Amino acid sequence: MKKLKIAILTEIIDYHSGSRAPLQIAKYLAKLQKITVYAYDHQKDPKVIADLKKNGVTTILITTPKIPPVSRYLAAFNLTQKLRSHSPNVILFAGTLTSFLAAKLTTIPIIRIYMGTQLDAYLEKVFPQKITFLDKLLNFLANCYIFATNLITYRLSDKIVAISHYAASEGKKLYGRAVDKVIYLASDLAPTTGHKLPATNYRQEIAILAVSRITPYKGFHLIIDALKKIGTTPKITLTIIGSQPRKNYLDYLQKEGQSLAKIIVNASDQTLAQNYQSCDFYVTCDQNLYFGLPICEAATFAKPTIALDYGAANELIIHGKTGYIAKNQRALIYYLGKLTNNPQLVQKLGKEAKKYTFAKFNWQKIVKDYQEVIDK
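The sequence shown maps to residues 7 to 382 in this note's numbering.
Source of the hints: derived by calculation from the structure; they are not laboratory data. Because the structure is a prediction, the values reported are computed rather than measured. Treat the hints loosely; a few may be bogus.
Said to hold, decoys possible - Taking lysine-lysine pairs in the DSS-like style, the calculated list, with each CA pair at most 30 angstroms apart, reads: (1) Lys360 to Lys327; (2) Lys72 to Lys9; (3) Lys382 to Lys371; (4) Lys165 to Lys187; (5) Lys344 to Lys59; (6) Lys136 to Lys241; (7) Lys136 to Lys165; (8) Lys371 to Lys9; (9) Lys37 to Lys50; (10) Lys371 to Lys327; (11) Lys53 to Lys136; (12) Lys354 to Lys366; (13) Lys88 to Lys136.
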């Protein structure tokens, strides 16, 4: 069977945070189809480009002319020309409005990968300062812009794939259109060495991990606040691994965390895997949990998760079996205390989390689902 030519359109070539998902999809689809990733040249990681090439993915970088008023539009024109020249059968889209319009001009079918709409982004700049009336006004205007750009790319796409049922529900509610299919993500990190907790009901030190972009809606401050309230025995160390840190928020976390939290910025996959391997369990308070890939990554290493009850938490965690979903901050404190004092329970939940994740979130199924959407 002749391979299809599939373009995956994203903004940057980087494995950190949300930019990882479309590149993962590219790697695994390349096992069956001819995949080319298109992205702008202003933010790229040569190691990621090399990894994509090793996995059979071609990378096309779009030059962004340094003419500030029109640079974005000139880059979009270059993208249109490249797409027309290469003539892919279909485009998987995970980018910005200008990229979408550039792709739309080619008349090539577009499948949007919907990963959610993050509103109130302007207020991320303000935290932890008091929000003023001007802040509220600017945030409202920013929300209008975010909504409008997403409305255009959502409604004008030929097909839509959502990364969770929660994301699918939000998309239909905001933009009045049902998605064609929900296709989850999956981890591609692999444990390299064994790490077993001692068979005892007590440990002198507990290692907790939290991974995501370092910005207020990720809720790292809520984790720190909760850990301060559960006591100091056993000793608890929170490791925060994140990317694209907002300076105001990073400074706040360092001040509030002090000796409790260690923060690693832009960690390599190797460092990330080592921390998953050595931690006791994973915690997230992400308020925009459209999927939560780190929950899957932690489960791959047989580590359970405690999550605040946001977004797709109940799609990723079976409460009481693979981890815990806390309804509020008080419940978060309770479950943190429960796991820090019971390593045997941590092991039990972790084994179930690994089993559940491998069955529900795996690349073989994901590739098959994308193939079905593309073929229809």
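Going through the hints against the structure:
Of the pairs offered as hints, the one joining lysine 360 and lysine 327 holds, with about 11 angstroms between alpha carbons and a cut-off of 30 angstroms not exceeded. Among the hinted pairs, lysine 72 with lysine 9 is inconsistent with the structure: their alpha-carbon atoms are about 37 angstroms apart, more than 30 angstroms. Distance hint between lysine 382 and lysine 371 is fulfilled; the C-alpha atoms sit about 17 angstroms from each other, no more than 30 angstroms. Proposed proximity of lysine 165 and lysine 187 is supported: the alpha carbons are some 9 angstroms apart, at most 30 angstroms.
A C-alpha spacing of about 45 angstroms is found between lysine 344 and lysine 59, which places the hinted pair above 30 angstroms, so the restraint is violated. Only pairs whose Cα atoms come within 30 angstroms are accepted, and lysine 136 paired with lysine 241 is rejected, the gap being roughly 33 angstroms. Straight-line distance between C-alpha atoms of lysine 136 and lysine 165 comes to about 42 angstroms, which puts the hinted pair past the 30 angstroms bound. Under the criterion of a C-alpha separation no larger than 30 angstroms, the hint pairing lysine 371 with lysine 9 is consistent with the structure, at around 19 angstroms.
Our distance criterion of 30 angstroms between C-alpha atoms is met by lysine 37 and lysine 50, whose separation comes to about 23 angstroms. Distance restraint check for lysine 371 and lysine 327: the Cα-Cα separation of roughly 23 angstroms lies within the 30 angstroms cut-off, and the hinted pair is therefore satisfied. Taking the CA atoms of lysine 53 and lysine 136, the gap is about 41 angstroms. The hint is violated against a cut of 30 angstroms. For the hint pairing lysine 354 with lysine 366, the CA-to-CA distance comes to about 19 angstroms; that is within 30 angstroms, so the pair holds.
Restraint check for lysine 88 and lysine 136: not satisfied, since their Cα atoms lie roughly 47 angstroms apart, outside the 30 angstroms limit.
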